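Asks: Protein chains in written order, with this note's numbering: chain A, 49 to 161; chain B, -11 to 97.
What you were told as hints is all true, and nothing was included just to trick you.
Simulated pairs of lysine to any residue, SDA-like, Cα-Cα distance not exceeding 25 Å: (1) 22/B with 34/B; (2) 22/B with 150/A; (3) 22/B with 85/A; (4) 22/B with 43/B; (5) 22/B with 158/A; (6) 22/B with 143/A; (7) 22/B with 94/A; (8) 22/B with 46/B; (9) 22/B with 103/A; (10) 22/B with 89/A; (11) 22/B with 151/A; (12) 22/B with 146/A; (13) 22/B with 9/B; (14) 22/B with 6/B; (15) 22/B with 154/A.
Everything labelled a hint here was simulated from the structure, so no lab data went into it. Model, not experiment: these values are computed from the prediction.
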Amino acid sequence: MSLRAQGLRTWLLQRLSAVYMAIYSLVAISWLSINPPLDFPTWQAVFAHPLTNMFTQLFIFLLLAHAWVGVRDIFVDYVHHAPTRFILLLLVSTMQLMLAIWSFMALYSVVQL
Amino acid sequence: MPITAIASILHRLSGAFIFFTTPFLLYLFIASLKSNSGFALANAWLDSWWVTLLYLILIWAAVHHLLAGIRCLLLDLDIGVDCSSANLSAMLVTGLAVGLSVITIVWVL
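Could you build all of it, start to finish, from the sequences and the hints given here?
Replies: Okay, structure coming up:
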């Protein structure tokens, strides 16, 4: 184990986010198939509720973080040229961060507090 | 290739597939929340043949990734680490993912 336990931290993030996403997905799919929101007002109302809004924001954030760890693992396995790997990782990190900010802004704009 | 290797590489491939489709799916989701016309736009995208193909593959990818992920968590907890159970669970994950995807695809189409 490294001194700062960075590998352990991302390993744990990977597992905890996986558990959260599994539970969220199963609840969301069951709920949406029992009460399908077929028109825009009903659909927007689902995500305007502060609780659904927050749980969904957390889901998107953890999905992006989970994917970041997964992509990093793939790069570590297949991209052996260190500078290339660094640049690729930087690009993916930037993209995930931008997607996270964008999703936050969009979901925040529909929440009915 | 042993079944455990197949389940493992499919776990990785399905994850990569989800990673590449995430920006587009987020775009659709956000558009659908913004306005009536965005909602209609997202629905129109989902009706097109190539987005339909995309989400049919995505259903399999998500189911496989979820099942393989549960297997991975159990292995982390030292459950099913011996060779015969690892083979059995890999077979179960790969087969069940295909089976459940077919059921889901028939149900959504």
